[in-house]
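Colleague: So you can see what is in the structure, the chains are spelled out below.
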Amino acid sequence: MIINGVTIDATFAEAFPMKATRAIITAQNEKWAMISAQAMTGFATSVIACGCEAGIERVLDPSETPDGRPGVSIMIFAMGGKGLAKQLETRAGQCVLTSPTSALFAGIEGGIRIPLGKNLRYFGDGFQIAKVISGKRYWRVPVMDGEFLTEATTGQVDAVGGGNFLVLAESQPQALTACEAAIEEMRKIPNVIMPFPGGIVRSGSKVGSKYASLGASTNDAFCPTLKGMTKTDLSPEIESVMEIVIDGLSKEDIDKAMRVGIQAVCDLGAANGIQRISAGNYGGKLGPFHFHLQEIMA
Amino acid sequence: MSALTFKLKQRPDQRVDMSPLVCHQLLGMEPLTIAAIELQCGKRKVRVDELFSLSGFDTQKIVIKNSFGKLDYIGKELSEGSITVEGDAGAYLGFGMKSGAIKVHGNVGLYAACEMKNGYLEIDGNAGDFLGAAQPGNKMGMKGGTILVKGNVGERAGDHMRRGNILIEGDAGDYCGSRMTAGTIAVMGKTGRFVGYAMRRGTLLLWNQPQLQASFNDCGAHTLAFLPILFASFKKYDSRFAETSAAFNRVRRFAGDMSELGRGEVLVRI
Amino acid sequence: MTEITEVPSPFCGMGTDDLSIQVDGIALKVIKNGCAVNTPLFEQAVTDTKARVDGKEVDFDVAVAKAAVLLKATLQPVIGGCATDVNGMRALLALADRIGAVVDNMNFTGARNNFLALQDSGWMNTTLAEVKNRCDFLLVVGADLEAIVPRFFERFIWPQEAMFLEHPHQREIIYLGKVPSGDASTAPDGRKAQALECAVTDLPDVVAVLRALVKGRPIRAESVSGIAIADLQALADKLKAAKYGVVTWAAGALNYRQAELTVQTLSEMIKDINDQNARCSGLPLAGKEGDQTANQVCGWTTGYPARTRFSRGYPEYDPYLNDTKFLLANDEADALLWVQAFNSRSVPPATHLPTIVVGRSGMTFEKEPNVFIPVGTPGIDHAGHAYRMDNVVAIRLKKLRDAGLPSTAQVLSAIEHAL
Amino acid sequence: MLIKLTGGCVYDPASGVDGKKQDIYIQDGRIVKKPAKDVPIDKDYDLKGKVVMSGAIDMHTHIGGGKGNIARTLLPEDHRQDPVARTSITRSGCGHAMPSTFVTGYRYAEMGYTAGFEPAVLPINARQAHMEMADIPILDKGGYVMLGSDDYLLRMLTAKKDQKAINDYVAWTIQSAKAIGVKVVNPGGINAFKFNQRKLDLDEQNSHYGVTPRDILRVLATAVKEIGVSHPLHVHGCNLGVPGNMQTTLDTIQGIGGLPMHLTHIQFHSYGTEGDFKFSSGAAQIAEAVNKNKNITIDVGQILFGQTVTASGDNMRQHANHKHASPNKWVTMDIECDAGCGVVPFKYKDQNFVNALQWAIGLETFLLVDDPWRIFLTTDHPNGAPFTSYPHLIRLLMDRSFRNDVLATIHPEAQKMTTLASITREYSLNEIAIMTRAGAAKLIGLKDRGGLSPGNFADITVYTENADRQRMFEKPDYVFKDGQLVVVDGKVVSTKWGTTHTVQPAFDPSVEKGLKDYFDRYLTMKLGNFKISDDEITEDGRSSLTVHPLKGVA
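Residue numbers (this note's numbering), protein chains in the order written: chain P, 1 to 298; chain W, 1001 to 1270; chain R, 2001 to 2419; chain C, 3001 to 3554.
None of these hints come from the bench; they were simulated from the model. Treat the hints with care, since some could be wrong.
Computed cross-link-like contacts, DSS-like style, restricted to lysine-lysine with a CA-CA straight-line distance of at most 25 Å [what the hints assert, rightly or not]:
id, chain 1, residue 1, chain 2, residue 2
1, C, Lys-3021, C, Lys-3004
2, R, Lys-2032, C, Lys-3513
3, C, Lys-3164, C, Lys-3531
4, R, Lys-2271, C, Lys-3347
5, R, Lys-2243, C, Lys-3323
6, C, Lys-3491, C, Lys-3516
7, C, Lys-3526, R, Lys-2399
8, R, Lys-2399, C, Lys-3531
9, W, Lys-1061, P, Lys-136
10, C, Lys-3491, C, Lys-3043
Which stretches of chain W does chain R cover? Using the computed rule of at least three CB atoms under 8 Å from a CB of chain R, they are [said to hold, decoys possible]:
id, segment
11, 1046-1055
12, 1099-1107
13, 1170-1179
14, 1194-1202
15, 1214-1226
16, 1250-1259
Remember, predicted model here, so these are calculated numbers, not experimental data. Ideal Cβ placement from N, Cα and C applies to all residues, glycine included.
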């Protein structure tokens, strides 16, 4: 398949079941909601070393937030519920409870309820106050700038992690420009996050390494400088490859995000140095979710 | 199906225990069976049809017409359906109600919503003492649900309250929120003396500055983030509490009762 | 003429039993250890011994039969007063059970202040002999004690000897709320009781602050109801420093609404002190004229104190709806039986309902009841039992004379049998 | 009227009859010998297939006195759960944890009980105890008067008065209070609490008097024996409920030096400190000591799961226990330089480790003590459970598989800490009859009660044999009290008043000299008004006095 001169590989991205949750951070203004959200979702690019994958889903209008203030919706993904709950609690405690004027709310109704502020309340040293409003329990924790308001729990749901596509371009600036365009469009899609810095990752990996202690290492087949040294997957004109990884609440959400992302890349087309779109997989053996690029773009 | 309607024929002198006439007890009952139910009235047991004329069939929608202040225990342990009271209700209205809705067009007596667990109770008129309280000897009053009173309430509203909301559009008598353990009582009108007496936890949300006792300490003026959420939850009621202009988030906070746990709060609108 | 010694009094509530009484026919004269409360009630003359129906003297059986008729066809009879001895209460409760009556002690609205506090959180209490021998610090809350129990101080606070106080006359007394009306609380060495005065109706506020201070919680105010916080702090410190502190109040003297919460705050404060490794006890003084007796007997017979109805065939306690005054004002009652064997001035509340009075000889009525059966007074006209105001000790009342008056129990049992 | 009970299977351990088919004749309230052939039988009950025992006797049940009425007043919510309506023959009231007096009588009778003994009669509160008990229909009653924390006795000990003086005081107190035995509760501890001592071990001195519990136990046990009271000193020991109190109990047994002593509600005094929770069963050691020391009798004070209220004279321990109050309300009192009381509602939960193990400890005790004549079936009503749970308790004792089924449902850690599952013993009907009838009558010294031989009062219970012992014992076919049929099919059909059982040990009248002086100086009542007169018990026709013989006294 070729779109606007860009070859869509007949391959697929392979993704895994994950557990996900969403939280809403509000603050006096968008700036402080965003600062808190960024901190909470920082250092959360890959479950391999961060314990979770997290990202900002979108900015929320005051009319969309529980307390009528500007807010940011964040999502966290992890391989299991236990790890997810731990990450959520640790990050909320360190990055939201601490952040001026912030408040923290559930982003998912239903699901399995996992602690959001339920245990953070103990920071209140007995001065904390519970409030049940419309069936939801909130905790009011006294802090130095006033009160930290947090919902007691949020929902945990089954989700999908590891959707991805690769952008193969003739130059590094062209690859980056294309990926940026993709991310801009993908951020408009609900229920997904792109957990890497700025949503773009340049260090795609393969399973295994020559070093026994490492489980993954650089994806040499897509490293342009190794074209002559390894079993490369790159044609000679490709000088730079970047990847966008997507975690979403469902396969359909990731489908949508991939489609708008790839489309944005293709809109730049061959004229802007974009050669190919490919994807990472493990031969279909490891993950039950397969995103066939050509089907998505059909 | 039309609402099952009990129209009081004449007012007995003695109080009537209405607890058998509640939706879940009448479910599936034929009108003739209902008519033959005996109600305790003073020493007597009186057949329903001796006191009331009956019409309608829908046992999940009960209307009591010509009601007056000696009909006690209306809606006792109501667990589904709705009851509308046209007129006044006696003591222990909605005693231990678990779900559903009760609406009273008139005034209600002592201990309305006593030990209420959930559901919605709306009173157009005034409520007597011990609204949402616990029976003598019991330690736990209202545990959930919402009470809306458009008129005034008597003394000790929310005594031993544990959870839920009591919304009062009018005034509250003395000792409003006494011995509260948690929950919220909001009073748009005036409050009497000894607000929150011996309260352990819980919130009294007041539109007007009360005469506070010395065992409550001023914690200053604050903007509290939970208030907009609380007010948003009132939007669904047919009440002045639902009006956008009613909402505020700026309050002066008083903590007490220091004689007790001291973790309760009186929030006064500023 | 005979003299009877060691006579216990059913009137003062204190169980004073050192009176000497001279009996001359049916005339009594207190010749030793009388007081303003007891003496007139012992010495009151017997003025009528005949029962009356509609104001006309009739035979006892006629009056009983008439009473039975009035009670039988009722929809909600009320038995009020309930001022009698143990046997009187036994008969009263048997009758009430039979006719489905509401039973209400006339002073229950005051006593309720204690009962509701007890039923909610309990208390740590003591009794008069412990006060006499152990109490080194007495706090009197909201009561002018000597007006209620004239000989309280003489008998329990300033005796010559106390088992565990080397110098009983050095006990310290503080009044909170009320100021003593006389000198009974003044120590033999002339030391006056300290008084922290406020309006009695302000006591809820004051005792709440006192409890907060006992618990070491912050109080920001500088005074409460005219009492300096510093004075209350000193009081809190004294309560905690006492070897055997006693806090006393009289439920009936806290005559404002919801005073149970004041009693509860005091009682919880006493528990707080005991949890801080000090000893302190409450001494909740309740009523007289059989109030405690009514509540005790009703307690073991029904499980509830004496504001309980039997209309459904089993006892149901309701401290508000079973109030005689409420039942009369609300037209819920349709007959009133008033039982008052101690005090001829304690007449039934005004009512248009059929009224039967089983009362102490000498009662005069603004409106003659349908039936009046004069009865003897327990402890004068017949033996019996009555409870002291500290609620633990039952005293054995003596028969001092024979004026031909039946006991309350005899009358009420006769009515029950006539039904 | 001559009544014949024909063909029932009789269990009468007092006469050594263990399940023998036997006819019983009743006349004028008593059991009589088989009459001559020509005497007409007025009423004949065919009891084929039925089990016949004498009326059961609860030798330790809190049915009278101030603490009971405090418990009642404290718990309106409990009464509301169990209202009891009047009938044409019975009075209304309330049931469950601390039933009203009338209901107490009915419910005991409906389980086949015909007597109950109040074990904690404060001398100053004895009048109330008798008045309450006088309002308990059907049952006979009696009381053990409480001594040991009264200042008068402690003053005597400090003043080194001789045993004779103490004997006179004890005998005088028994007579003044119209009692049939003497109890001591936390010996000296109630008194020590008034001096702000929060615990008192067996050999710990009262801070004011310098007297130890061991001293008090010894002089009182000696007094009870020497004045000839049948019932040995009834002891509620030190450290009730305290983990490790097993050792205190063993020391108490040793320390009494062979004198007769009854250790009451021993379950609450049989705790070790082993295991993760530092709480373990001492039942085996206690049972071994009881088996070895023939001077010792015990009752168990079994706990059973559910809501109840604990009412005790031991205000020192009750104050310490108040943090377990459920619901959270409680009362303690210091009383008249005489004693005290503490009332704490309790909810025993099978999923609470301590409660579950307490349950197992009680049952272990029942099953490990060999001699049924020296152990008695009690729940220490209402402290361990209301008396209405006796049929359930009997089933636990008689039915191992049922017992093990219940055991399997309790807190798992408690299951690990008890040997109950391995104990195979099942009580026989004869042993139940000993524990609840013959043994109790023998212990208390009741003549003419607790047995079915001619001459005895006709207190008789008839059950239908049923493998489900709970059902069998909760609903007797017939109960006769003093020959009157009072219960049919587990329901009261007629009522009467029982008698008050007492003893009247002799004392030197000069004992009143010191007492009068003490009363006048320190107490709030005159000595003359303190003593309960016979007519106080009998005057209104509700009760009568039955005086039982003294031991070793003609």
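Colleague: Please go over all the hints and tell whether each is borne out by the structure.
Modeller: Hints, one by one, checked against the model:
1. Between Lys-3021(C) and Lys-3004(C) the alpha-carbon distance is near 13 Å, which keeps this suggested pair within the 25 Å criterion.
2. The hinted pair formed by Lys-2032(R) and Lys-3513(C) meets the criterion: a straight-line CA distance of about 23 Å does not exceed 25 Å.
3. Among the hinted pairs, Lys-3164(C) with Lys-3531(C) is consistent with the structure: their alpha-carbon atoms are about 21 Å apart, no more than 25 Å.
4. For the suggested pair Lys-2271(R) and Lys-3347(C), the alpha carbons sit about 22 Å apart, so the restraint of at most 25 Å is met.
5. For a cut-off of 25 Å, the pair hint linking Lys-2243(R) to Lys-3323(C) stands: about 23 Å separates their Cα positions.
6. A hinted pair counts as satisfied when its Cα atoms are at most 25 Å apart, and Lys-3491(C) with Lys-3516(C) does not qualify at roughly 49 Å.
7. Only pairs whose Cα atoms come within 25 Å are accepted, and Lys-3526(C) paired with Lys-2399(R) is accepted, the gap being roughly 17 Å.
8. For the suggested pair Lys-2399(R) and Lys-3531(C), the alpha carbons sit about 16 Å apart, so the restraint of at most 25 Å is met.
9. About 28 Å separates the Cα atoms of Lys-1061(W) and Lys-136(P), which puts this hinted pair outside 25 Å; it is violated.
10. Proposed proximity of Lys-3491(C) and Lys-3043(C) is supported: the alpha carbons are some 20 Å apart, at most 25 Å.
11. As drawn, the segment 1046-1055 of chain W meets chain R at 0 residues by the rule of a beta-carbon pair under 8 Å; below three, the given contact is violated.
12. Note: the segment 1099-1107 of chain W has 0 residues with beta-carbon separation from chain R under 8 Å; the three-residue rule is not met and the coverage is violated.
13. Under the rule that three or more residues need a Cβ within less than 8 Å of chain R, the assignment of the segment 1170-1179 of chain W holds, with 4 such residues.
14. Coverage of the segment 1194-1202 of chain W by chain R holds [criterion: at least 3 residues with CB-CB distance below 8 Å; count 3].
15. Three residues within the 8 Å Cβ limit are the bar, and the segment 1214-1226 of chain W against chain R gives 4, so the coverage statement holds.
16. With a threshold of 8 Å between beta carbons, the proposed coverage of the segment 1250-1259 of chain W by chain R holds, since 3 of its residues qualify and at least three are required.
Violated hints, in rising order: 6, 9, 11, 12; the structure is consistent with all others.
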